[in-house]
Amino acid sequence: MDGEELTEQETALYDRQIRVWGADAQRRLSKAHILVYGMKGTVAEFCKNIVLAGVGSLTLVDDRVATEESLAANFLIPPDENVYGGKTLAELCCDSLKDFNPMVRVLVEKGDLLSFGVDFYSKFDVVVVCCSSLATKKLINDKCRKLSKRVAFYTVDCKDSCGEIFVDLQLHRYSKKKLEETIECELNYSSFEEAISVPWRTLPRRASKVYFAMRVLESFEEAEGRKPGEISADDLPCVLKLKKELCESQSLNESHIPDGLLERLVTNGREFPPVCAIIGGILGQEVIKAISGKGDPLKNFFFFDAMDGKGVIEDVSSSNTGS
Amino acid sequence: MASHHHFSVIKGSKVLMVGAGGIGCELLKTLALSGFQDIHIIDMDTIEVSNLNRQFLFRQSHVGQSKARVARDAVLKFRPEISITPYHANVKDPNFDVDFYKQFNVVLNGLDNLDARRHVNRLCLAADVPLVESGTTGFLGQVTVHVKGKTECYECQPKPAPKTYPVCTITSTPSKFVHCIVWAKELLFAKLFGDKNQENDLNVRSGDAASSSNHVEDVFERRNDEDIDQYGRRIYDHVFGYNIEMALSNEETWKNRNRPKPIYIRDSLHDEPTQQNGNVEKNGGTNDPSSVSAMASLGMKNPQDIWSLKENSKIFLEALKLFFLKREKEVGNLTFDKDDQLAVEFVTAAANIRATSFGIPLHSLFEAKGIAGNIVHAVATTNAIIAGLIVIEAIKVLQNDTKRYRMTYCLEHPSRKMLLMPVEPFEPNKSCYVCSETPLLLEINTHRSKLSEIIEKIVKPKLGMSAPIIMHGAEVLYETGDDLDEDLLASYAAKVDKVLSELNSPITGGSMLTVSDLYQELRCSINIKHREEFDEEKEPDGMVLSGWSQASSVENDGDKSVDHNAGSTSESLTVETEKDSEAEIVSGKKRKLSEVSEDVTPSDAQEIRANKKLEVLDEDDDIVMLDGGDFGISKKKIQSHP
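Here the protein sequences come in this chain order: A and B.
If you read the first sequence in my numbering, its first letter stands for residue 1, the second for the next number, and so on.
If you read the second sequence in my numbering, its first letter stands for residue 1001, the second for the next number, and so on.
Just so you know, not all the hints are guaranteed correct.
As the list claims (entries may be wrong) - Computed spacing ranges between beta-carbons, pair by pair:
#, chain 1, residue 1, chain 2, residue 2, range
1, B, 1501, A, 178, 24 to 32 Å
2, B, 1416, A, 226, 49 to 57 Å
3, A, 87, B, 1416, 41 to 49 Å
4, A, 254, B, 1095, 55 to 63 Å
5, B, 1006, A, 254, 27 to 35 Å
6, A, 178, B, 1324, 42 to 50 Å
Unchecked claim - Partial selection, computed: residues in chain B whose CB lies under 7 Å from chain A:
#, residue
7, 1034
8, 1050
9, 1056
10, 1299
11, 1300
12, 1304
13, 1460
If you are wondering where the hints come from, they were derived from the structure by calculation, not from laboratory data.
In this text, a Cβ means the ideal position worked out from N, Cα and C, and glycines have one as well.
Looking at chain B on its own, in the form it has when it is part of the complex (with noise of 0.2 Å):
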C-alpha cells in the first residue's frame, strides 16, 4: 500500500477540502500525516463550544476563530513543512469558480448540507475533477468517489428532501411532540418575537378564522396600559386557552381523535401569586443578552428534566418577559436559533404545554433543543474513520486506480460480519440531469402561471441555482448580476411577471427552456408541457417537475378529510437541518444487482439492498431524536433520570 509509487502521487497532488468540522479536521490531519504537501481548506464557519466534543484541533480559547485558520494552524504544529490554504469563506463564493478548482487533483467534502454538496458537485463536473464525498451521523457514515463519465455524480440518486409537515397538523391536530416543536417554533415563536409582517399561520385553525380574522390580528399586539406580566399571560389564555376552545368548537375534527384540552394560566398556576414569580434579576449581572435564561432566574439548572405543567407555564411567562425586557431591540427580527438560550426555553415550554393540551409526551429541555435545531448527533470515532477512508478513496483517485473505487459505508450494526462495507460504485444515471444533460419535463399552465413561479418554485429551490439565466431559444428571459444595467433589469422584471402564454415569444406546450447558472456551469432544458388544472393538496406548487428526483417526505398524518387551511399562506411547513451538522444520509440504494461490486455476489448483494440499516440511515436524516439510534438512547431512560 504505502510503495514509492503511492509517495510519488501524494507529493505531487494539490487537494482541495471544503468543509473543516467534524469530517474536516479528522481529514486535514490524517491528509498531513499521509503526506500531503499542498492542502486548500474552504469553511465559512466559526468554531462554537459544542464543536470541541469531536472536532479536536480546535480549543475552548478558539471559539469564535474561522474553523479553516485554527484548523490550518493546529495541523502545522506537527506538520510544519506542508503547505495550508485557509479560506474563511462560503464554498458558494463566486470566486471559487470553475478556474479555482481546475488547479485541484481531488477535491474532498466534508460537508453539512445539501445544498453546498449539490454546488461542489456542479463545479467538480464542469472542471473535470474527481470528488470525494462523505457524511456522517451517530455511529454511521459513507464515503462515495464521484468521477465525470466513470462513476454516478452526487446528483444521479434521489436526495432525501427536508421534513415537512401538513399546516393542519401544526395548526390544530398535533399527534407528536415534534408537531408541538414545529408550531411553537415556526408559528408562536415567529409571531411573537420575529417580523410582524411576515405571513404566518398561527392563527388557522377553524373554518371561522376569516369571520375572528380582525380579532385575532389585535391579539398579539401589546395594549398600551398593559404591563408585560399582563400581556404574557393575555398571550397564555389566548394561544393556550381560546384558540383551543375554537378548535373545539368545530365537532367535524374531533370525531376520530381526542379532543385537546384548553389550558388556561388560572389552571396552571392556581396556587402562584399573581404577581411576577421569576428575578430578573438573576440575569442582572450581565449585560450580554445571549445570556439571558429563563431557567436562570427561576433557578432551574438541569436541561434533562421534564418539567411539570406549572414549570412549563413560569418559563414560558419568564422567557416571554425577558425577550420584552431584557432583548427589547431584537423583538421583531429574531429567528429560531437553537444556540439561543432563551428561544429554546420558550419553544420547549410552549411547546409542553402544548403537548399538554393534546394529551402527548412533554420532553426536557435537551431533547426539545435537539428537535427544534435539528441537531445532528455526532461522535469523534466515526468522523476518524471516515476521514481514514476517504484518504484511501483519494489516493486511488490520484492514482487513477479506476477499478479499486468504493463506496464504503461504515455501519453501526454488522452485516454480513461487516461493519465497513465496501461497494463498488455506480455507474452515472443516464438520465442525470446533471451530469448528463438530459432535458427535464416541466407541467405547468402556461395560461396562468408567470415565468417568476419557475423560478422560485423549480430553478431556485429544486435544481439549486443561486444565478440562473433562462433563455427560450436565442431570447434572455431572464438573468442576475451585479454587472447588469438597469433597462435590462426592468425588462426581465417585466418578463418575468407576465403570464407564459403572453410572453413575446410566448411559452407553451412544447416550448424548451434553456436553464444555466453562470456559477456552477451547469446547464439544463426544460421540455414545457401544458396543464390545465393540479391538485392542491398533493401539487401544491401549481406545477410539476419530472427527471428530476427528490425523495419526498411530507408526513402523512393519515387523515386527508379535515381541512383547516382555509386562509392558509402555505401548504406545508419545513423543518430545516441544523447548520453545524456533518451528516447528510445514504441514500436508499435500489439498484441492478449487475451493478453490485464484483466482491459481492447476488445474494449478498440482495442483502445489502434489503439491508434494514441502509433503509433506516434513508429515513432518519432529518429528525433525529425521535428514534434514536438502536445504540440505546432509550427516551424512556433519560426521563426517568431521577
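Bound-form chain A, shown alone (with noise of 0.2 Å):
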C-alpha cells in the first residue's frame, strides 16, 4: 500500500502478530488515531490491548477523580493513595499504559466530551465511549458522522456478569480471504440512535435478553435523570414497572426481559473483571479490524452474559441502511 516499511524494531516486536494480520494491517495501525472516554475496567483492558497492537496514538478523557470503585476493576491504576491521589483517572491510566509499549504515543485530553466540537474528533479514526448517557452516546456519535472522513464509533459497558458493545462503522469496505482469493465487501451500518429506534417487535425472536436488558436501563436512568451506573437495589421496582410500560408499548412478551436479569444489572452493576477482559478482548480485536479493512467486522451489537456464556452478535438495524 502505502509503501513505508516497517522499522526492525517494529518487526521484531510485533513479529508473532504480523504473523496474524499482515505488515499491511501493522503499518495502518501504527498511524491510527484513537479515543477512549471512560476509563473503567472495560476500557482499561481495550486500551491494553491496542497499545500492544501498535496503534499511532491513544488519547484518554476523563477527568473524574480515581476513588476506591474505581480501582476495583482496574489494573492500570495503582491502589496507593499517594499516588493516585488528586490526579485524574485519566493522568493515572496514561501513566501506565506508556510503560506498555514505547512505540505509541499514549495522551490525556482535559475537558468535558461534550464540549468538544466536530473538529475534535476529526482528529481521531476509532473513537470509544463507556459509562455515558443515552444522550451523550447519541450525540458523540453523531459528530463522528457529520465529518468528511470515516471515524469509527464504538459504545462498551460491563454490568455484574453481562457485557455489551456497539459498533457503527457508517459505510466500512474491506477484504476478506474467501477460500484462495481476496474479496472486497462493504457494509452499511446503522446509528446508535438509529439502532436503538428499531422496534423491537421486528427483531429476531431469539435476540439476546441482554440487549433488551440494557435498553431498560438506559431509559430508566435518562427518564430519571440519573447518571450513568447511578442506580441501586432500591430503583429495582421502578425499572420492572418501566420494563413493563416498555414491553407493553414495544409488543414484546415481558419474558423476553427476565426479572432476574435487571435484578443482577439493577443491585450488582460493577465490573466483573473476567468480563471485563471479554468485553475488552472483542472490542479490541474489532478497532483492529476496522482499522486494517480485514476481515469481518462485527455488526452491530455484541454481548457476552458469564452465566450462559455465550459470546452473541445481533444486528440491530434500521430498514434504510439494510441488515
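Given two chains presented individually in distinct reference frames, assemble the corresponding complex, making use of the accompanying hints.
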C-alpha cells in the first residue's frame, strides 16, 4: 500500500501478530489515532490491547478523580492513595499505558466530552465511549458521522456478568479471504440512535435478552436524570415497572427481559473483571479489524453473559441501512 | 454473579497457574482483579523480545529474566496485598509431585506444548484436583474443564501429533516450500553445523547411494588446503548441482513429475567476481556471536523481501562463511534455533535455492522463519478473552457448580451468531488409558523385538512417561532413578537388551505388562499380542499400540511407489512445534448428539460438529504459515509488497 516499511524494531516486537494480520495491517495500525472516554475496567483492558497492538496514538478523556471503586477492575491504577490522590483517571491510566509500548503515544485530553467540537473528533480514526448516558452516546455518534472522513464509533458497557458493545462503522469497505481469493466487501451501519429505534417486535425471536435489559436501564437513567450507573437495589421496583411499560408499548412479550437479569444488573452494576477482559478483548479485535480493513467486522451489537457463557452478535439495524 | 458466596469461595482458594506466557500474563492479572488471594505460578521460561507484543506484564528491560518472577512483581504493583508464589522451574520437575498439587483447589493451564499438558493432566488426576485447560492461536482459542470422574480428562480424546513428512519427499521429491525448509534445517544445516556423528539422510537420494557413499562421506569435510570461500562454493555445487543431477539419473522418479533443475554457483553468480562478495567487517563492530548476520554484511534489511536466486546464493555463501569465521566454536554442536538470525538466514537461502530447482515459489525470510520455527501466531486480545473465560470456569469449579461447567470456543467467524461458543463438557471416555485404567493392547513380534524398543517407541513418546517403571507380574523389568545401585542398573540394562520371548519369564502373546510413572502417578496395563509381520511403510515402529489414540498427520504425498529410502535412517522427519507458542488446538469433536450441551438443540449440535472452523482448527495445529487464517494474511500481499 503506502510503501513505508516497518522498522526492524517494529518487525521484532510485532513478529507474532504480523503473522496473524500481515505487514499491511500493522502499518495501518501504526498510523491510527484512537480516542477513549470513561476509564473503567473494560476500557483499561481495551487500551492495553490496542497499545500492545501498536496503534499510532491513544488519547484518554476522563477528568474524574480516582476512588476506591474506580480501582476495583482497573489494573492501570496503583492502589496507593499517595500515588492516585489528586490525579484524574485519565492521567493515572496514561502513566501506566505509556510503559506498555514505547512506540505508541498515549495522551490525556482534559475537558468534557460533550464540549468538544466536531473538529476535535476529526483528529481521530476511532472513538470509544464507556459509561455514558443515552444522550451522550447519540451526540458523540452524531459528531463522528458529520465528519467528511469516516470515524469509527463504539460504545462499551459492562455490568455484573454482562457486557455490551455497539459498533457504527458507517460505510465500511474491507477485504477478506475466501478460499484462495481475497474478496472486497462492503457493509452499511446504522447510527446508535437509528439502531435503538428499531421496533423490538421486529427483532428475531431469540435476540439477546441483554440487549433489551440494557435499553431498559438506559431509559430509566434518562427518565430519572441519573448519571450512568447511578442505580441501586432500591430502584428495582421502578425499573421493573418501566420494563413492563416498554414491553407493552413495543409489543414485546415480557419474558424476553427476565426480572432476574434486571435484578442482577440493578443490584450489582459493578464490573466483573473476567467479563472486562472478554469484552475488552473483543472490542480490541474489532477496532483492529476496522482500522486494517481486513476481515468481517461485527455488525452491530455484541453481548456476553457469563451466566450462560455465550458471546453473541446481534444485527439491530434500521431498514434504510439494510441488514 | 459477583455474589458474596462467590467472593468467599475466591478468597479462600489456593490456585496453581502453569505458564506465565501469553495466556499466563492475562490470567494472573484477571485472577488478581477478581479477588484471588493465593496464587502459585510455574514457568521455566525467560522473557524474549517477541513476547512483548502481548505478554503485557513484561518490558524491554526484563528480557532474559524469569517470566514467573517478573509477572509476580508486575501484578503486585496493582494488588500488593495478595500472595503470589513464583517458581522459575520446569513443571515436570519431580518437586512438583502429587503432594504439591494436593494443596491447590484448582489448577489453571496456560501452556504451550502437549507434553507438559499431559503431565499436568496426570498429576491433577492423581491428586484429584480440577484442571482448567486452555490454548490459543491467532484469533482462535478454547477453554476446557477437567474434573476427575465428572468430565473427560485432557487425554480422553486424541491429540494431533506433530506433523511429519516421508523422508523421500524431503530428500528427493519436494513439492511444497515447507519440504525445502525441512530439508534445509533438518538435513543440510544439521550436516554442516551440527553433530557429525548424528545419522543424516542428506545423501540418500537415489538407488545408487550405497555405492557412492564413500565419496559422499568426504564431501562435507573441509579440505586442508581449502579456503572458506572455496569450501562454500563446493558445498553449494554439491547439494544444489551434483545431488540434483544424481537424482535426475533415476528416470523412474520423474515419469510423472517435473524434473528439477540443477543449480551451480557459476550460473547463479555468473556476473560476480569469484572473490568474497560480502563484507564480513560489517559484523565486526560486535563480538557477540548471536548478532552475526549475513543480511547485515550484504546490506540487506527487509525481512519481508523475497530474495532473487542470486541474493539467496550470496546469503547462503555468506552465512556459511560467517558460521566458520565468527562462530567456529559452535560448529559441530549447533541445532537449528528460530531465534538464531544467522541460522534462519542460512536455512531461508538454502530452502529458496532448492525451491528454485524444483519450481516451488520462493519465500521471504520472515515467512521462512515462521515455517522453520513453527511459530504459532499470537495476539493479545485472544489471550485476554481466554483468560477471562478461564477465571469464569475456575469460579464455577470452586463453587462445585458442576452443571454449569462449559468448554468454550473462541471463534474467528461467528457460528450461529456466536463468537464465544459454550458447549457442555463431555463425560470421561470409559476406555481412556489415562483416567479409566483400561488396558492397552500392543501387537509386537515377541521373537524379534526387545524391551528397549518398547521403552523408546511406546512408553516414552506415546505414553508420555519420563520416568517409567515396567513390571511383568511381580518382576521389575526396568526402572529409572538416581538412587538405584549399580548392580540393579546392570541387571535392568541386561533385561532391556533381550528379545522379549527370551527373558527369564518370557513375554509372549497373552502376557501383560504394567507400566507406571513415578512422578505422574500414572499406571497402565499393556496386553501383549504376538504378530509376525509389520508393514514397513505404515507401521514403521514394527509394533502397533491400540487403545491409545493419536491423530495421524503423516503427510501423504500421493505417490507411494517411489521408494528412495534405501539406507534411510528414519522413516519420517518430524517438525517440532515451537517452544514459546501458546497454542495447542481444539481437537476435532465428533461425539454423540446426546452428549452435546443442553443449551444446544440437536440441530445446533450437528452444526457444531459440522462446523468447518473446528475442523480447520484441528488441521492447522502445527504448520501455521502455510494456510494462514481467513483473517486475510494473503501471502500474495506480503510477497508483492513494494
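Hint check:
no., hint, verdict
1, B:1501 x A:178: 24 to 32 Å, "violated, 59 Å"
2, B:1416 x A:226: 49 to 57 Å, "violated, 36 Å"
3, A:87 x B:1416: 41 to 49 Å, "holds, 46 Å"
4, A:254 x B:1095: 55 to 63 Å, "holds, 59 Å"
5, B:1006 x A:254: 27 to 35 Å, "holds, 28 Å"
6, A:178 x B:1324: 42 to 50 Å, "holds, 48 Å"
7, 1034, "holds, 5 Å"
8, 1050, "holds, 5 Å"
9, 1056, "holds, 6 Å"
10, 1299, "violated, 14 Å"
11, 1300, "violated, 12 Å"
12, 1304, "holds, 6 Å"
13, 1460, "violated, 31 Å"
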